[in-house]
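A.B. asks: These are the residues of each chain, in order.
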Amino acid sequence: MRDLSTAALIEAARARGTRALSEHDSKRVVAAYGVPVCREMLAVSPEMAVEAATEIGYPVVLKGCAPELAHKSEAGLVALGLDDEGAVAAAYEEITERMGGTCEVLVQEMVQGERELLLGMVRDPQFGPCVTFGLGGLFAEVLDDTVSCLAPFAMTEALAMLDEIRAAPILGPVRGLPPVDRKALAAALVGLGRLALDHPEIAEIDVNPVIVKGAQPIAVDALVVLAQPD
Amino acid sequence: MLDRLLRAQSIAVVGASKGKTPTGADKLGAAALRYLVEHGFEGEIYPVNPKERELLNRRCYASLRDIPGKVDLALLLVPAPACLAAMEDCAAKGVGAAVVFASGFAEAGESELQERLISVARSAGIRVLGPNTNGFVNVADNVLGCISMVCRLESFPRGDIALVTQSGALGGSMLGNGIELGGGFSCWVATGNEADLTVADILEYLIEDDGTNVVAMFLEGIRDPDRFMRACHRAGELGKPVIVYKIGASEASARASASHTGAMVGSDRAFDAMCRRYGIIRVDDAAELVTTAITMSWLRDKLPRGRRVGIVASSGGICGVAADECARWGLEVPELDPETQDRIRAAVPPFGAVRNPVDVTQQIQSYPTGMQDTIRAVCESDAVDGVVLLMTMAAEPRASFYARAFCEAARASEKPIIVAWAGAVSLASEGFPMLSANRVPNYRSARGAVKAMRRLADYRIFLERRAEKCET
Chain A
0 MRDLSTAALI
10 EAARARGTRA
20 LSEHDSKRVV
30 AAYGVPVCRE
40 MLAVSPEMAV
50 EAATEIGYPV
60 VLKGCAPELA
70 HKSEAGLVAL
80 GLDDEGAVAA
90 AYEEITERMG
100 GTCEVLVQEM
110 VQGERELLLG
120 MVRDPQFGPC
130 VTFGLGGLFA
140 EVLDDTVSCL
150 APFAMTEALA
160 MLDEIRAAPI
170 LGPVRGLPPV
180 DRKALAAALV
190 GLGRLALDHP
200 EIAEIDVNPV
210 IVKGAQPIAV
220 DALVVLAQPD
Chain B
0 MLDRLLRAQS
10 IAVVGASKGK
20 TPTGADKLGA
30 AALRYLVEHG
40 FEGEIYPVNP
50 KERELLNRRC
60 YASLRDIPGK
70 VDLALLLVPA
80 PACLAAMEDC
90 AAKGVGAAVV
100 FASGFAEAGE
110 SELQERLISV
120 ARSAGIRVLG
130 PNTNGFVNVA
140 DNVLGCISMV
150 CRLESFPRGD
160 IALVTQSGAL
170 GGSMLGNGIE
180 LGGGFSCWVA
190 TGNEADLTVA
200 DILEYLIEDD
210 GTNVVAMFLE
220 GIRDPDRFMR
230 ACHRAGELGK
240 PVIVYKIGAS
250 EASARASASH
260 TGAMVGSDRA
270 FDAMCRRYGI
280 IRVDDAAELV
290 TTAITMSWLR
300 DKLPRGRRVG
310 IVASSGGICG
320 VAADECARWG
330 LEVPELDPET
340 QDRIRAAVPP
350 FGAVRNPVDV
360 TQQIQSYPTG
370 MQDTIRAVCE
380 SDAVDGVVLL
390 MTMAAEPRAS
400 FYARAFCEAA
410 RASEKPIIVA
420 WAGAVSLASE
430 GFPMLSANRV
440 PNYRSARGAV
450 KAMRRLADYR
460 IFLERRAEKC
470 ET
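If you're matching them up, the sequences are chains A and B in order. Counting with numbering that gives the first Met the number 0, you get residues 0 to 229 for the letters of the first sequence. Counting with numbering that gives the first Met the number 0, you get residues 0 to 471 for the letters of the second sequence.
If we strip away everything but chain A, and leave its shape as in the complex, we get:
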């Protein structure tokens, strides 16, 4: 069944004429299909940002948020580890200034963990939606350690995929780190497959990085890219 809010978010992006959903909207879409995402709120003023931070709990992260905004860190649009109201307000001003004044800012819980993973989907023109699991963050680019399966597939298949990247031992237990909640990861993979099948307008999805906090995988960034309209 198509998720109505997902359809609405996709429609809105289409209406704006953008190919990608904003980080916040992307997360809402993947969260609706079972991908655990970090707590976050949008703010359009420093006061709102402070209020959001108080509700989420310090420390927080602030990020500039707009559709098709890539490479946020490189552009100086991400402020990590903000511990108090003053830091949040200052970061808000700095980010909005870099973005040209008018924009939304995401206030997120600061998810900390040693392990970063990636979940994704790409719709192959021949075979259809390929759901991918692999190492995330910096390692995604350097090590290129992934495994893919054509959707749809069941939990048993998704659980088996987790073991097939070269770096599978990182899922632990390893070096004092607890084993990752494999069911949560596998359910997220199954969910991305369902999302792709329910919404053929989606061409690609990145959920990267998924930071493992304790045992819990939590997506701190996401990107949903739509197909070119016909």
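Read the hints as simulated data drawn from the structure, not as lab findings. Keep in mind that the hints are not guaranteed to be accurate.
Stretch-level coverage of chain B by chain A, calculated; a stretch enters the list once three of its residues show a Cβ under 8 Å from a Cβ in chain A [said to hold, decoys possible]:
1. 218 to 230
2. 426 to 435
Under 7 Å between C-beta atoms, here's a sample of chain B residues computed to sit facing chain A [said to hold, decoys possible]:
3. Arg268
4. Met273
5. Arg275
These numbers were taken from a predicted model, which means no experiment stands behind them. Glycine included, each C-beta is placed from N, C-alpha and C at the ideal position.
Assemble chain B onto chain A, guided by the hints.
C.D. replies: Leaving out everything else, chain B in the frame of chain A:
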């Protein structure tokens, strides 16, 4: 649908001749006719050539249209420019299928000529194999429309492996190699340019063929992925393994893409993802395609229940090699249970290793039933799912002594046994051939044997997961 092609009962050979090439070989039109006759095709054969009255003791017709009886299949052995007229004759005659061997069509930039040829065929309801193909051999029914020199083999051993290749030259080589390795085949089809029939059409047909249990495919690309995937799905339902060697892994995989995932997962990895979903065994070496198909054909009823391997050899060195290969290919080599170790200890010389890998030592030759007893003990242990037997240098008659033990053990075992014969086979002239003759999969290296065991285990896991999915 493809009966009039692959199970044709009457075949016209258009362009049949007795001509020779400058090197003294048969011209294609002569070869195709000769192969058809020599391999015992039992239906009607109609050579067509206006310049000949008789070929291989058969009346030769000036035109397809002059043939009195029904014609299921026309083999078109004329050059590309003459194919259009020949296809029009096929249409007028009401032929059911045609094989177009000539090159000089889409692969050479002549797409328009190919289009015209196919549109004539389509409007007459003729299914076309090719152009630019070596044709096909239906081994089970002795029906062939083939110009590959693999037909120079005296006979094709029958079996349950179907080979489907887009390349004719490579396909013929694979069939020849497979036969030399002792494999038995039901069919080989080379699809060439796939102007009409594609690998997916052929797969769809062969999967339903009762005489085919394993399909091996050499692919360059897939034209109709939906049909291909449907056929693969059906293969899974029937428990018939599909083994694929697909080129293209070396192509730059990056897509023009906006996400990391898109940049990392190119078309070749998407093919991998498709293979995973449908349980297709994708091998990474052309030679492995044939050997895996043969192993699958011989051990389809004895798939390992897991990835735990017992290793038995008479050399400590190759035990170590096999253990390393198991680690490399994700197989476990567990320590055997104490009861099994006791059984082995009673069967082998005092310096043997009994924990797994099991080294029976060279002295085992002084223990007439030592090898059999050891292999049986390992096979019967609950600690392992399959057994790899390794043979280092052994000349006759010792080679036969070991080979016999291997064959007997394989026959008695409910678990898969795969042999790696690393020694010189010319010195094992009786023993080594005994293995294939008894349908015991054999490789020339530990890696080959271990990798094959992994493929079997993977397929079994796929079938189990499939069954679970059906239950839930």
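A.B. asks: Going back to the hint list, which numbers does this structure go against?
C.D. replies: Of the numbered hints, just 2 does not hold.
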